[in-house]
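Chains as they are written, first to last, in our numbering: chain V, 1 to 114; chain S, 1 to 110.
Be a bit skeptical, because a hint or two may be false.
Stated by the list, open to error - To give an idea of the chain S side of the interface with chain V (calculated C-beta under 10 Å), a few residues:
no.	residue
1	Tyr-31
2	Gln-38
3	Thr-45
4	Leu-49
5	Thr-87
6	Leu-89
7	Ala-91
8	Phe-100
9	Gly-101
10	Gly-103
11	Arg-105
What the hints assert, rightly or not - Capping the alpha-carbon separation at 25 Å, the derived lysine-lysine pairs in DSS-like fashion look like this:
no.	chain 1	residue 1	chain 2	residue 2
12	V	Lys-71	V	Lys-44
13	V	Lys-67	V	Lys-19
14	V	Lys-41	V	Lys-52
15	V	Lys-44	S	Lys-42
16	V	Lys-67	V	Lys-22
17	V	Lys-41	S	Lys-97
18	V	Lys-22	S	Lys-68
19	S	Lys-1	V	Lys-36
20	S	Lys-97	V	Lys-44
21	V	Lys-9	S	Lys-42
22	V	Lys-41	V	Lys-22
23	S	Lys-68	V	Lys-44
24	V	Lys-36	S	Lys-97
25	S	Lys-42	V	Lys-41
26	V	Lys-52	V	Lys-22
27	V	Lys-9	V	Lys-71
28	S	Lys-97	S	Lys-68
29	V	Lys-19	S	Lys-42
30	V	Lys-67	S	Lys-97
31	V	Lys-52	V	Lys-40
32	V	Lys-9	V	Lys-44
33	S	Lys-97	S	Lys-1
34	V	Lys-71	S	Lys-97
35	V	Lys-40	S	Lys-1
36	V	Lys-52	S	Lys-97
37	V	Lys-40	S	Lys-97
38	V	Lys-67	V	Lys-9
39	S	Lys-42	V	Lys-36
40	S	Lys-97	V	Lys-22
Since the hints were made in silico from the structure, they are not lab data.
The beta carbon of each residue, even a glycine, is placed where N, CA and C say it ideally should be.
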Amino acid sequence: DTAVSQTPKYLVTQMGNDKSIKCEQNLGHDTMYWYKQDSKKFLKIMFSYNNKELIINETVPNRFSPKSPDKAHLNLHINSLELGDSAVYFCASSQVLAGLYEQYFGPGTRLTVT
Amino acid sequence: KQEVTQIPAALSVPEGENLVLNCSFTDSAIYNLQWFRQDPGKGLTSLLLIQSSQREQTSGRLNASLDKSSGRSTLYIAASQPGDSATYLCAPKGAQKLVFGQGTRLTINP
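Input sequences plus hints: build the corresponding full structure.
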């Protein structure tokens with residue numbers, strides 16, 4: 001019954017590798033997001049998709065590329081990983097229901113780049 | 001650019017106390033404001049969402065208030081319990097996105 005799920009939960013990889021994180025929501029929401037939480041616990045938005053279209057693209061290196069194959073999925077692909085990419089990445093979703101925009105978060109993926 | 005500040009950064013109180021967490025934001029043009037809790041190593045759980053037209057929202061022992069014009073929100077926790085220990089984050093929503101504060105790390109001592 002998980003609302004927003006992410007895989008993997010932990011990801012340890014070396015610098016220079018390419019990796020992907022997957023996100024799925026079963027809430028029927030039309031908007032999905034990727035956030036990054038750094039070592040100081042600041043949570044910042046990276047991307048947002050609405051009905052498979054990119055609507056928010058913050059100042060994120062172009063090594064990060066989101067892909068939304070359908071409304072229920074938003075994946076994050078990262079090329080040429082760097083030490084500074086180590087963080088926890090959260091996926092979230094929301095629905096414009098009566099203007100609420102309430103966001104629901106996944107459990108996070110802890111990425112460690114060595 | 002929206003900036004969100006949460007005070008205090010950390011709070012430790014004995015069980016049973018009532019407490020208030022504060023959130024201030026610089027841009028009052030918001031649609032709503034969400035309060036979340038984050039347990040160590042876990043994701044975020046939505047606690048309350050206040051619409052910009054609302055002044056208060058309640059859920060169980062939690063009460064959140066919003067004063068949009070002054071850029072302030074508070075989260076009141078009544079009769080605190082050890083299970084309330086977590087980091088509490090506030091996030092006002094502008095035209096497109098949530099902007100998060102750094103959070104208040106709350107510890108309730110038995």
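We went through each hint and held it up to the structure:
1. Tyr-31: holds, 6 Å
2. Gln-38: holds, 8 Å
3. Thr-45: Because about 8 Å separates S/Thr-45 from the closest Cβ in chain V, which is inside the 10 Å limit, the hint holds.
4. Leu-49: For S/Leu-49, the interface hint holds, since the closest Cβ of chain V sits about 5 Å away, which is under 10 Å.
5. Thr-87: With a closest approach of 7 Å, the S/Thr-87 hint holds.
6. Leu-89: holds, 7 Å
7. Ala-91: holds, 8 Å
8. Phe-100: Interface hint status for S/Phe-100: holds (4 Å vs cutoff 10 Å).
9. Gly-101: Since chain V brings a Cβ to about 9 Å from S/Gly-101, closer than 10 Å, the hint holds.
10. Gly-103: holds, 6 Å
11. Arg-105: holds, 9 Å
12. V/Lys-71 <-> V/Lys-44: holds, 22 Å
13. V/Lys-67 <-> V/Lys-19: holds, 13 Å
14. V/Lys-41 <-> V/Lys-52: Judged against 25 Å, a Cα distance of about 29 Å means the pair is violated.
15. V/Lys-44 <-> S/Lys-42: Answer holds: V/Lys-44 to S/Lys-42 is near 16 Å, not above 25 Å.
16. V/Lys-67 <-> V/Lys-22: Distance of about 10 Å is within 25 Å: holds.
17. V/Lys-41 <-> S/Lys-97: holds, 18 Å
18. V/Lys-22 <-> S/Lys-68: violated, 36 Å
19. S/Lys-1 <-> V/Lys-36: Given that 25 Å is the threshold and the Cα spacing comes to 18 Å, the pair holds.
20. S/Lys-97 <-> V/Lys-44: Holds: S/Lys-97 and V/Lys-44 sit about 10 Å apart, inside 25 Å.
21. V/Lys-9 <-> S/Lys-42: holds, 10 Å
22. V/Lys-41 <-> V/Lys-22: With a Cα-Cα distance of about 22 Å, the restraint between V/Lys-41 and V/Lys-22 holds, given a limit of 25 Å.
23. S/Lys-68 <-> V/Lys-44: Roughly 22 Å separates the two Cα atoms, so the pair holds.
24. V/Lys-36 <-> S/Lys-97: Distance ~14 Å between V/Lys-36 and S/Lys-97 Cα, so the pair holds.
25. S/Lys-42 <-> V/Lys-41: Cα-Cα ~12 Å, so holds.
26. V/Lys-52 <-> V/Lys-22: holds, 15 Å
27. V/Lys-9 <-> V/Lys-71: holds, 22 Å
28. S/Lys-97 <-> S/Lys-68: holds, 17 Å
29. V/Lys-19 <-> S/Lys-42: holds, 22 Å
30. V/Lys-67 <-> S/Lys-97: Distance of about 19 Å is within 25 Å: holds.
31. V/Lys-52 <-> V/Lys-40: violated, 31 Å
32. V/Lys-9 <-> V/Lys-44: holds, 19 Å
33. S/Lys-97 <-> S/Lys-1: holds, 12 Å
34. V/Lys-71 <-> S/Lys-97: Given that 25 Å is the threshold and the Cα spacing comes to 18 Å, the pair holds.
35. V/Lys-40 <-> S/Lys-1: holds, 20 Å
36. V/Lys-52 <-> S/Lys-97: holds, 17 Å
37. V/Lys-40 <-> S/Lys-97: holds, 21 Å
38. V/Lys-67 <-> V/Lys-9: Holds, because 19 Å separates the two Cα atoms, which is no more than 25 Å.
39. S/Lys-42 <-> V/Lys-36: holds, 14 Å
40. S/Lys-97 <-> V/Lys-22: Given pair S/Lys-97, V/Lys-22 holds - Cα atoms ~21 Å apart, limit 25 Å.
Hints 14, 18, 31 from the earlier list are contradicted by this structure; the remaining hints agree with it.
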